[in-house]
Each structure stands twice: as structure tokens, then as C-alpha cells.
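A.B. asks: Chain order of the listed sequences is X and L. Here the first sequence stands for residues 0 to 423, numbered as in numbering that gives the first Met the number 0. Here the second sequence stands for residues 0 to 232, numbered as in numbering that gives the first Met the number 0.
Do not rely on the hints blindly, as some may be mistaken.
Claimed, not checked - Some chain L residues near chain X, calculated using beta-carbon distances under 7 Å:
hint, residue
1, I55
2, D58
3, N81
4, N92
5, Y96
6, N98
Said to hold, decoys possible - In silico BS3-like links for lysine-lysine, alpha-carbon gap of 27 Å or less:
hint, chain 1, residue 1, chain 2, residue 2
7, L, K115, X, K21
8, X, K322, L, K221
9, X, K21, L, K221
10, X, K322, L, K207
11, L, K60, X, K415
12, X, K415, L, K21
13, X, K322, L, K97
14, L, K11, X, K415
Quick caveat, the hints were computed from the structure, so don't treat them as lab data. All residues carry an ideal CB built from backbone N, CA and C; glycine is no exception.
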Amino acid sequence: MNSLKTIFDYDTWQEIFGSVAKNKTRTVITVIGVLWGIFIYITLSGSAKGLDNGFDREFEDMAMNSMFVWPQSTSIPHAGFKIGRSPRLTVQNVETLKQQVPEIQYIAPRNARGVRSGPPASVVYRDILRTYNIYGDYPEYSSISTKKIYKGGRFINNADIKNKRKVCVIGERTQKELFEEDESPIGKFIRIDNVYFQVIGVHKFNPGGGFETDGDIFIPFETFRNLYNTGDKVNWFVIAAYEDADVIAVEKKVKEVLKRIHKVSPDDERAFGSFNLGEVFNRITGFADGMTFLSLVVGLATIIAGVIGIGNILLISVKERTKELGVRRALGATPGEVRVQIVLESVFLTLISGIMGIVLGAFVLAIINFFTQDLSDFPYTNPTVPIPLVIGALIIMTVLGTLIGLIPAQRAVSIKPIDALREE
Amino acid sequence: MIQINNLHKSYKIGSNSLHVLKGIDLKIDEGELVAIMGSSGSGKSTLLNILGMLDIADDGKYLLDNVLIQDLTETTAANYRNRFLGFVFQSFNLINYKNALENVALPLYYQGLGRKIRQQKALEYLEKVGLKDWATHLPSELSGGQKQRVAIARAMASQPKVLLADEPTGALDSNTSNEVMGLIQKINEEGKTILVVTHEIEIAHMCKRIVTLKDGVIVEDKKTNQTLIDTNV
């Protein structure tokens with residue numbers, strides 16, 4: 000109780016300020032030690048968070064539990080077929096997959112020209128001719144890979160599919176290249192491989208979404224089918240599993256079903272290719288988590304080193320002040336009061352330097368943020384340190400400061416006042 | 000005021016034991032000004048340290064103002080020192096980063112007095128030793144005599160029952176020694192009990208009574224013809 004009173008006593012702090020202010024060099028050196036530690040901690044974990052946020056941003060438009068699957072060629076003879084056969088995915092597979100793999104939430108068959116098969120489409124508007132990759136899509140696709148459509152437009156919907164409408168969604172670059180700057184492309188007709196399509200939307204390009212570009216044109220799947228005479232053929236499936244499903248298991252299951260349908264040996268690993276976004280995402284978030292953990296460990300270690308430095312310097316300072324402490328005790332300072340004073344000096348130094356380090360770290364993070372906020376191809380967004388981590392660091396520092404302060408404090412009171420006074 | 004009976008104290012130095020005090024009996028009444036004399040090694044400082052509760056006797060009885068001083072923990076010793084005793088040291092022992100006023104106020108801080116009262120009292124005692132104008136000066140800006148006067152003010156500030164001075168003039172020239180002794184006499188005239196440890200016979204004769212120690216025992220205890228100092232400080 001008594002020591003608690005001392006902590007909140009104005010005079011105690013007066014004494015501590017006096018002692019801290021008197022030994023300026025000592026104070027500055029000590030403060031730098033801890034300041035550096037907390038600065039490293041804040042900057043590192045802030046940067047790790049920035050990286051984490053950056054990855055989140057890269058992936059925000061893509062369902063994390065999604066995957067692609069496409070046919071390659073068989074590597075094992077099976078059911079009377081030779082090797083080297085390329086299975087042909089069809090739209091009928093959609094229903095089968097949906098039935099047999101209940102974890103599937105969305106499944107979007109896609110066809111494309113310019114990417115996996117066929118030449119890109121030549122597109123004409125007025126007197127401009129360009130070629131662009133073209134995709135045949137179902138509306139489901141936008142549920143898996145969110146397509147941001149500029150104001151006034153829309154993505155392909157079910158009616159477009161049903162009526163085989165000749166409508167298209169164009170890319171930012173396509174708009175820039177074909178249309179005047181102040182001209183709205185919505186409602187305009189462009190000629191795609193000699194067929195007129197009405198533009199219904201412009202999609203915002205999202206970097207990092209695989210092989211898609213800012214010039215892609217999306218048209219309804221059924222329209223694509225007619226235009227290029229692809230029949231039932233599907234180039235690849237984009238599949239999203241339910242939130243709680245294990246996408247790796249789903250990937251395996253989907254491939255098993257496809258192998259069965261297309262009479263491919265169950266052991267044939269080459270027949271179907273797949274790309275699992277969840278897996279990649281997990282790896283990347285794992286990396287970001289690792290970074291966060293690393294910065295936590297490094298930061299804490301540096302803080303501890305700094306606090307130990309404080310203990311060290313206080314130990315020397317107690318030695319230097321043996322006489323002063325002896326005088327204080329001759330004048331009536333109890334061992335408890337001396338101890339509290341030394342510990343509070345330690346805590347005070349730790350906290351002051353800690354707070355300065357936090358401010359400095361935040362400042363540096365703000366600078367980093369300023370220089371990286373416009374870099375869209377650099378996965379680094381809004382570097383922040385969560386408040387609980389900052390408070391946690393402060394608590395750890397206070398506790399460590401107290402513990403480390405106990406050593407010099409104990410040293411200070413272990414010297415009898417008479418010995419302290421005798422020391423010249 | 001002070002009564003000690005059969006006080007013994009020995010120090011262990013290596014494997015040998017050094018018997019410093021060999022049965023001291025001493026009675027000091029209120030308002031006395033006693034010089035404790037002796038050559039170095041006679042045990043006078045040890046006696047003062049025991050009286051000042053900075054050290055503990057091995058054997059014997061010590062009564063301070065009818066309070067039996069025994070079984071002291073560090074904390075109770077600190078409280079007794081704070082309330083009963085004022086110390087004046089040979090090397091002043093002022094805290095060098097505190098100014099005169101703060102130094103004088105320090106024992107009051109450990110008494111738990113409020114800031115305003117401390118400042119006011121400290122200033123009062125600084126005035127008493129003639130250093131009111133020097134209140135905001137650091138010890139390094141004061142002369143030896145001034146430092147010792149600040150130290151005396153500090154010892155007096157807590158209104159102790161007894162003032163213990165260990166060679167208070169040991170580091171001073173004769174002029175300032177007289178100045179300081181004059182101040183001690185003045186304080187004694189006001190009724191304070193004072194013990195002065197010294198090895199200078201002139202200083203001893205400025206006290207009212209001389210107790211001489213030799214080899215751990217009192218060899219002489221006499222009243223003096225006190226040399227009074229003109230106190231025009």
C-alpha cells in the first residue's frame with residue numbers, strides 16, 4: 000500500500016526526474032537502447048502487417064477457396080485408350096460435378112480464344128482494328144472472381160445466356176484503345192470476329208488474377224459457343240467450394256469424378272491439370288504469418304536487449320550513487336523507498352523510451368505508407384500495428400523494466416548506509 | 000536524553016575480531032553539547048554510528064529519549080533516524096544535483112510532509128543558518144563553510160532530538176570551522192542536544208563537555224570551560 004502511494008506521489012516523480020535529468024548522458028544512452036528495440040518492433044510488425052494487407056488486397060477479388068481444372072493429355076493407357084489422349088471437358092460435366100461433389104458452391108465453365116486455344120478475336124470499332132483475348136462466360140464466374148464493372152455497366156447475366164445475346168464486357172484498355180476519351184462505350188456496338196456485339200460494361204482490371212489482362216472481352220458462354228462453333232466443349236472449369244470446405248480435398252474429388260467420366264485411369268496424374276488458389280493463398284498467408292511472427296520475435300528480443308541495457312546502466316549508476324543513497328537513508332529513507340525509487344527510475348526510462356520508439360516507428364511506417372500507397376503491383380497496403388500489440392509491448396516493457404530494475408534496487412539496499420557513507 | 004550501558008562492538012576483519020568498543024557507559028542529558036574525542040581507532044566514530052543507528056551494537060543497552068533501541072530492522076532504523084536524529088558529516092554529503100533548499104527539504108520528504116510545508120520549513124532553516132539567499136544554489140556553487148551550514152540546516156529541519164556531528168569541521172579551515180562551531184553553539188543554546196565527534200582539542204573546547212575515548216573505553220569525561228564563538232555569521 001505504502002509503495003503504491005509512492006508511485007502516484009508527485010514528489011516521487013520529482014525525485015526520479017531529478018535523478019534522470021542529472022545523468023543526461025546515461026539517460027540518453029539508455030533511452031536509445033530501448034527506443035531502438037521498440038522502433039524495430041513497431042516498424043517490423045507494421046511492415047509485416049502491410050505485407051499481409053497487401054496480399055489480402057491482391058486476392059480480394061478472388062474467392063480464396065477456388066480452383067481451376069483443365070484437360071491435358073493422358074499418361075496411362077486405360078479402358079482401351081492409348082496414352083496421349085486429351086479428354087474433352089463438356090458442359091454436361093457441370094451437372095455431374097455438382098451432383099457428385101456437394102462441396103461445390105459455384106462452377107463456371109469457360110471457353111477462351113487467345114489464351115489456351117485459337118487466335119485472339121479481332122475487334123473493330125469505327126476504323127480501329129485490334130485483337131483481344133475473348134472469353135465465353137457464365138454469370139457464375141463473377142461470383143468466383145469478382146469483376147468490378149465501371150459505373151453504368153453490368154456483367155453477363157442469365158438472360159444473356161438464355162437468349163444467346165450478343166453482348167460483351169470489355170476491358171479498360173479495350174475502352175481506351177477503341178473509344179474516345181469522353182465517349183461512353185456502354186450501348187455501343189463493336190464488331191467481334193465479324194459479329195456485332197453491344198457493350199454492356201467495362202471491367203476494372205485486377206492485377207494478379209492469373210492470365211487475365213486489362214484488354215479481355217467477356218461474352219455470354221452460349222454466344223461464344225455459337226460464334227466459334229465450340230459445341231459442348233469447355234476449355235476449363237472455375238470452381239468455388241463452400242466457405243467451410245477443404246478446397247484441396249474438393250480439388251482431388253473433382254479430378255476423380257472427371258477421370259471417371261472421361262475414362263481416364265484413376266492413377267493418371269497428368270490427364271487433368273489444376274490450380275488451387277486456396278493452396279497458393281494459404282502458402283502466401285502462411286508466409287505473411289511467418290513474417291509477423293518473425294517480426295514479433297525479433298522485436299521482442301530487441302526490446303529485451305534494450306531493457307537489459309537499462310538494468311546494466313542502472314546497476315552502474317547505483318554504484319555511482321552509493322553515497323547519495325547512503326545519505327538518503329541516513330536522512331530517513333527506508334529500504335523500501337530506495338527500492339521503489341530505483342525501480343521507478345527503470346520503469347520510467349523504459350516507458351519514455353518505449354513511447355518515443357512507438358512514435359518514431361509510427362512515423363516511419365507513415366512515410367513508408369506514403370511512398371507505397373500508389374504502387375498497385377507491390378503487395379503492401381496500410382502498414383499498421385494493432386493497438387493490442389502496442390499495448391502488449393508497453394506492458395512487457397513495464398514488467399521487464401520492473402524486473403530488471405529490481406536488480407540494481409536490491410543492490411542499492413543491500414549496502415548498509417554506514418558503508419555507503421564511508422565510501423569516498 | 001541518551002543513555003548507554005555496557006556497549007560492546009567488534010568487527011570481524013578476516014579471521015580476526017577487532018574489539019572496537021569495550022563496554023561504554025555514557026549518559027547525556029537534554030541540552031548538552033558533548034565532544035567525543037579520541038585518536039583515530041579509538042572507537043569514537045563507531046560509537047557515533049551506533050548512536051546514529053547506522054550500526055548495531057553487539058551487546059549493551061541504548062536508550063534514546065527513554066525509548067529502548069534494539070532489534071532494529073532497516074525500516075524502523077530509518078524511521079527513527081528520520082524522526083530522532085540529525086546528521087552532520089565531515090564531507091557534508093549534500094546531494095549534488097539538488098539545490099540548497101531541496102537538500103534541506105529532503106528529510107522532510109521522507110517524513111511524508113507536503114511539498115508546500117517542506118519548502119517553507121526548509122527556507123526557515125536556511126534562514127537560520129544565514130543562507131536564505133543561497134536557496135537555489137547547487138552545492139557546487141557553495142563554499143565549504145556554506146555547504147556545512149546547509150548540512151546543519153538539513154539536520155535540523157526534521158526537528159531531531161539529537162544532532163550528531165561527525166568531524167563537522169574536519170574539511171574546513173579554522174575560520175570557517177569557527178563559523179560552523181558558532182552555529183552549533185547557537186543551536187545548542189536553543190536547547191538542542193548535540194554530539195560532536197572531533198580530534199581537534201580547540202573544537203572540543205567549544206563544547207560544554209568532553210568525553211575522551213581510548214582503545215574502546217572512556218578514559219576521561221569532564222566539563223569544560225566552553226569557548227564561546229562570536230556568532231556574527
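A.B. asks: Flag every earlier hint the structure violates by its number, smallest first.
C.D. replies: 1, 2, 6, 8, 9 and 10
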